[in-house]
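All chains should be modelled from the sequences, with the hints used to inform the complete structure.
Here the sequence shown is numbered in full-length UniProt numbering, starting from 1 and rising by one per residue.
Nothing false has been slipped in among the hints.
The calculated lysine to aspartate or glutamate pairs, modelled on EDC-like cross-linking and capped at a C-alpha distance of 16 Å, are: (1) Lys198 to Glu280; (2) Lys185 to Glu280; (3) Lys315 to Asp64.
Per label pair, the in silico range of CB-to-CB distance: (4) Ser281 to Phe205: 19 to 27 Å; (5) Arg314 to Pro179: 53 to 61 Å; (6) Ile227 to Ile322: 43 to 51 Å; (7) Cys139 to Thr99: 47 to 55 Å; (8) Ile227 to Arg305: 15 to 23 Å; (9) Glu280 to Pro145: 44 to 52 Å.
FYI, nobody ran anything at the bench for these hints, they're computed from the structure.
The beta carbon of each residue, even a glycine, is placed where N, CA and C say it ideally should be.
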Amino acid sequence: MEIVLSTDEEHSKLEYSNITIREFILLGFSDVPYLHWMLFGIFFLMYLITLLCNSIIILITRIDPALQTPMYFFLSNFSFVEICYVTVTIPRMLMDLCTQKGTITLFSCALQLCLVIMFGGMECLLLTVMAYDRYVAICNPLNYPLIMNSKISVQLVVACWVSIIPVVTGQTYQIFSLPYCGSNKINHFFCDIPPILKLACGDTFVNNLAIYVAAVAFIMVPFLLIIASYSKIIFNILNLSSAGRRSKAFSTCSSHLIVVVLFYGTAIITYVIPKSNQSESMGKLLSLFYTVFIPLLNPIIYTLRNKDIMVALRKLQTKLSIYRTT
Numbered sequence: 001m002e003i004v005l006s007t008d009e010e011h012s013k014l015e016y017s018n019i020t021i022r023e024f025i026l027l028g029f030s031d032v033p034y035l036h037w038m039l040f041g042i043f044f045l046m047y048l049i050t051l052l053c054n055s056i057i058i059l060i061t062r063i064d065p066a067l068q069t070p071m072y073f074f075l076s077n078f079s080f081v082e083i084c085y086v087t088v089t090i091p092r093m094l095m096d097l098c099t100q101k102g103t104i105t106l107f108s109c110a111l112q113l114c115l116v117i118m119f120g121g122m123e124c125l126l127l128t129v130m131a132y133d134r135y136v137a138i139c140n141p142l143n144y145p146l147i148m149n150s151k152i153s154v155q156l157v158v159a160c161w162v163s164i165i166p167v168v169t170g171q172t173y174q175i176f177s178l179p180y181c182g183s184n185k186i187n188h189f190f191c192d193i194p195p196i197l198k199l200a201c202g203d204t205f206v207n208n209l210a211i212y213v214a215a216v217a218f219i220m221v222p223f224l225l226i227i228a229s230y231s232k233i234i235f236n237i238l239n240l241s242s243a244g245r246r247s248k249a250f251s252t253c254s255s256h257l258i259v260v261v262l263f264y265g266t267a268i269i270t271y272v273i274p275k276s277n278q279s280e281s282m283g284k285l286l287s288l289f290y291t292v293f294i295p296l297l298n299p300i301i302y303t304l305r306n307k308d309i310m311v312a313l314r315k316l317q318t319k320l321s322i323y324r325t326t
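Right under this line is the structure:
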């Protein structure tokens, strides 16, 4: 059945499609205005705790000689990326909760999207590098100092940045090269790929395909490499003769494994599973989980389940107590 538009309808549609959007409106939590100040207090407190915990991890891995190892070098880099990741999203969300406006320029939206994808991708790659570090330490301990020396550790982190930056920049340019001429309301609390593409007027097939390929490359492939590493790790741990050695090996890997499951679980659901199977409310909830809750949980998981970090924290606390009394 063919629908024929009248001349007036065609004219109005043409005029509407020629309007170029210069700014967006982040709806955020506008559907629950009575909860704005409570949400502001909760998210602000969570943001401060996330900054504090990750900053402490960076500090103690720098000043404690016992933590001058590749494992904690990667952990400090991961904590730095976590700080950047939450800083890109939460302060903007807090400001919108205060002003209840949510207006964001096209450039600011593009910049936020670029940084969110970049830091999220870096977390994926760093988690993979950390899994490889644990694989070498447990499966090839005699050659660990040679394979994972300080030079190699720095090169691995640099390689992560070098691989993610051009891909993310290209993705962002491709997304914001599309025409946006309809509604400018983003049903989200930050500029994320799925809600932005819903507002595009042009054909988004190529964009969705590129995003899916990038998601497979930076989410699924690292995830499979982590699974392969931990399969080898678990096999080697089970073959250890000493129960004490098995317990120590499991303790050094369990924290990382918990973080991997939490982070990759939400990332795969958000960016790999087809969006037709996911409502906007569910997408917003998942984004809230991996942009606010997981960065808060990660340093807590690493500190509470890591004996070396707990010892370093006690040393730091003792030094601070002595400094205050003198």
